[in-house]
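Residue numbers (the working numbering), protein chains in the order written: chain A, -5 to 473; chain B, 374 to 821.
Please note: incorrect hints may appear among the correct ones.
[Stated by the list, open to error] What follows is a set of in silico ranges between Cβ atoms, one per label pair, in the way DEER data are often shown:
#1 D493(B) / R72(A): 44 to 52 Å
#2 K663(B) / G35(A): 55 to 63 Å
#3 I328(A) / N583(B): 22 to 30 Å
[Said to hold, decoys possible] Here are the simulated lysine to any residue pairs, SDA-like style, with alpha carbons at most 25 Å apart:
#4 K210(A) / E179(A)
#5 K684(B) / A474(B)
#6 K621(B) / E242(A)
#7 K452(B) / D145(A)
#8 K701(B) / Q449(A)
#9 K33(A) / N686(B)
[Stated by the list, open to error] Residues of chain B placed beyond 10 Å of chain A at every Cβ, according to the derived structure:
#10 L386
#11 E588
#12 K673
#13 N686
#14 K763
#15 L791
#16 R793
If you are wondering where the hints come from, they were derived from the structure by calculation, not from laboratory data.
Positions of the beta carbon are idealized from the N, C-alpha and C atoms, including for glycine.
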Amino acid sequence: MDVSEYEPSFLEVIDSLKQRTDYADLRWVEHTHEYIEVKNGEVVALARSSDMGFGIRVLYKGAWGFASSYDLTPDSIREVADKALSIAQASYRLIREPVRLAPEDVHIDTYVNPVRVDPFTVAIDDKLDLLFKVDSALRHPHIPIREVFMDLWRERKLFINTEGSKIFQDITHTGAGMQVTAFGEDMQVRSYGNFKAAGYEYLEELDLISHTDRVKEEVLALTKAPVPDEAVKDIIIAGDQLALQIHESCGHPIELDRVLGTEASFYGTSFLTLDKLGKFQYGSKHVNIVADATHKDALGGFGYDDEGVKAQRTDIVREGVFVGYLTSRETASILGQRSNGAMRASSWNRIPLIRMTSIDLEPGEWELEDMIADIKDGIYFETNKSWSIDEKRLNFQFGTEIAWEIKNGRRTQVLRNAIYTGITPEFWRSCDAIANKKYWQIYGVPGCGKGEPGQSMRVSHGTAPARFRKVRVGYKNER
Amino acid sequence: MKDKLFAVGEVILNASTADETEVLLFGTKSQLTRFANSVIHQNVYEENVEITVRAIVDKRIGVVSVNLSALEEPSELAKLAKEVAERTPKVVDFEHLPSPAPVREVQSYFSSTIEVTPADKASVIEKLVKRATPLGITLSGVYETSEIHTVILNSNGISLYYPGTWAVFKVVSLSDTSQGYAVQCELDAAKLEPEKVGERSIEKCDKGKNPRDIEPGKYDIVVEPYGMAEILSWLAWLGLGALSVIEKRSFLCDRFGSQVASEVFTLYDDGYHPLTFPWPFDFEGVPKRKVVIIENGIAKDVVYDSYTAKKLNKENTGHAVTPEASRKIGPIPSNLVVEPGSSTVDELVASVSRGLYVTKFHYVNGMINPREAIFTGMTRGGVFYIEDGKIRYPVKNLRFTESMLTAFKHIEKVGNDLTRVGLESEIGAYAVPSMLIRGFNFTGKTEY
Ligand SMILES: [Zn+2]
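Let's have the full structure, built from the sequences with the hints guiding it.
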């Protein structure tokens, strides 16, 4: 479908809102999604979906209103605009400070991420072939559940605002993965996969098949592995688990809307309060974290955010000191800044909220072997399995699919159901080594949740393995 | 809405040349006012019609979904679903789409709910803010009113319509040192008592000011319905559906017929229970049956859809999820009910000599060891120290790490306060009372 068909009505309605509001914007979004899953040699999901609609956000005397609809007839577009305005008028009854928007340049632009092979034109047969090949490679008499999936996603969207911006974006994501389940004393899983802003060509690079033997061996080892005892140990966290660690303990608490309390009724607030900006020792001097929406190949990358602010790369933690939030035009103005472009909406029927872009830990100088060699008695954690963190993002507990004991500088036996826990700043301050560029990679996280009504967002994290000293691992429970 | 859904659905069904075809349509309208720092910061409206077609060709299954604006030509959708099916390998043990069966009447639609305006909501919030401000308390929360219309049609003659309405008023009160959580979910917005909800939340926050430090360890807990419901929703996904039993992922595997909880604990799923979100049939159009899952502590059964019932030679209980997900995750109970006991909440508290009163859990996760149902999570929304049968003072939040199989065996008393608790990320609700659990294992603490 072509958005140009609706453009005249969109422009007309934005023009009419210009007279009646402080500010208004309209987003038209079309999503196409295909999810295919093969489980134990059978196709258990082959689902295609597409979805389209528009939403109008208005600022009336400093109060927000938003309305949206699937109905793209000119009458409906006008009705939705009026509805958004009347909702804003209701909001106006209960505001303290009128919302002010930080200035932003007018952009008239198009952004398309690089795609060599359009995943939606690849034949179903070819897709199934690939999944079946991986499925057979995972076959093993002691592995009762094999799952292999492919997830293809496209977002085309048009943004128009009363300031004169008009931005069209066309973004394609390709992802795939596999998971095997086996039983010993309990149930064990091992998985591999990733997501990238790319076309179908990414599946070649991901090369699931070359990981099948490792994944099988590891799940079988897990079924015979011991559970680590509760202790305080030096630990190394592999890149994929570190992506989740950054996501939960850095990415969420730096969302400035959350810091200002607007997520308090659901996911919570943040320990990174305004007084800490520029002063707080978030981590050790080795820790440098950036928010980088300029990656063309990452799930957290784009051309412009959903307020029409250009994608940026900004410092979050510099040599351990907390120096920046993720912001919107509204929240940046409170800090006297310009927005760093983190407003993202999951679809046409949701307002943009401050969301992660690509929150990346910069690589260090270390070789992984040297990091391990310096540990006498420790644990190496890889691939997230369980995740929980308090509502201010301080006390966390994460478990991984697999862990290895480290004894006298060597990775030794496999450990199952391994967990580690800590308090965010204490934990990041105990970081004394980060692996070098060679180990650095971007991990896509396709399902980050926030907001009421709920919004699922696609974000990413660049990481390399890192070492943390004296961390609490395991848990005790005797009856 | 009803006529529109049937009109579109019938065109698709009639256009299909597949062996069997099913059309599932959802029409939704939703208005949500969200407030924080005692001001309205988000006020949104949405309207959508979503359509999913499942086509069967020689035991091959194709599923395609669109929303109404992405649907150019209804008959094209039938064609596309058939094409997807034709390219898919056979599902050998697939039999047929379900056939019509009598569906019991139950009412979930109340027009009072859709009559609540954003201005009404603003007035309610305004009133509560006036009460909270002098106490140094700010309010956050949501006031949501939604309607959802479902139509299911299939080529075997199923033709069902069911409308529902949904109203939620939630208030999270915050002071510098404390939080109070309260919520009410109703199908009929006329039954909402926003003042009471606000009052409860504000009072809890006020009483929770300046919480004391507390060390992790084992504590008897009295947990409100909200806390227990979050645990039950994880359990439902992990192990209360037949596919999780077939695949041996369920914590109930090898435990059917044995004691998995204390004798006072009975859990069932009842699609008609008025304190859930009653829905008389599942997403395949099969009438829901009441399923007793745990009876007096003994593991009895799980819920089934057409595929898993056939596979295990059981009765279909009408618990299919949507067709995109049904073969991946299998049936899930969505109307869980914990049989209430006879104790008042005060009596539960009176039975504790040293323990904690817990309002709610936060960020519960059950993936550490699903077969043993080992969960972790934080407390939230107000935690209080109980001594000698009385609530004494507020304490800071704690993290628990505990097997729910162990915890459920230590449920000593169940409250009589059966409450509808809305699921947090979808429309749906469980009916859950407060409970007294002995020796709940807390493993960590935080700074507030
Ligand atoms: Zn997230």
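**OP:** Run the C-beta distances from L386(B) to all of chain A and say if the shortest one exceeds 10 Å.
**Re:** Label holds. Min Cβ-Cβ 19 Å, cutoff 10 Å.
Subject >> Exclusion check [R793(B) not at the chain A interface, CB over 10 Å] >> reply: Per Cβ check, R793(B) is outside 10 Å of chain A; nearest 18 Å; holds.
Original post:
Is K763(B) truly not at the interface, in the sense that its beta carbon sits beyond 10 Å from all beta carbons of chain A?
Top reply: Its Cβ never comes within 10 Å of chain A, the nearest being 27 Å, so this holds.
**OP:** Compare the distance between the alpha carbons of K210(A) and E179(A) with 25 Å, and conclude whether the hinted pair is satisfied.
**Re:** Holds - the C-alpha atoms of E179(A) and K210(A) are around 17 Å apart, at most 25 Å.
Original post:
Is K684(B) close enough to A474(B), meaning Cα to Cα at most 25 Å?
Top reply: holds, 20 Å
**OP:** Could you check the hint for me, namely that I328(A) and N583(B) are 22 to 30 Å apart, CB to CB?
**Re:** holds, 29 Å
Subject >> CB-CB spacing for R72(A) and D493(B) relative to the 44 to 52 Å hint >> reply: With Cβ atoms ~25 Å apart, the hint is violated.
Subject >> Hint consistency between K621(B) and E242(A) [alpha-carbon to alpha-carbon, up to 25 Å] >> reply: Violated, because 31 Å separates the two Cα atoms, which is more than 25 Å.
Original post:
Do the alpha carbons of K33(A) and N686(B) lie within 25 Å of each other, as the hint requires?
Top reply: holds, 22 Å
Original post:
Does the no-contact call for N686(B) survive, Cβ to all of chain A over 10 Å?
Top reply: holds, 20 Å
**OP:** Would you check the hint for K701(B) and Q449(A), treating anything up to 25 Å between C-alpha atoms as holding?
**Re:** holds, 22 Å
Subject >> Pair hint K452(B) and D145(A), alpha-carbon separation not exceeding 25 Å >> reply: It holds: about 23 Å lies between the C-alpha atoms, which stays within 25 Å.
Violated hints for the displayed structure, listed by number in ascending order: 1, 2, 6.
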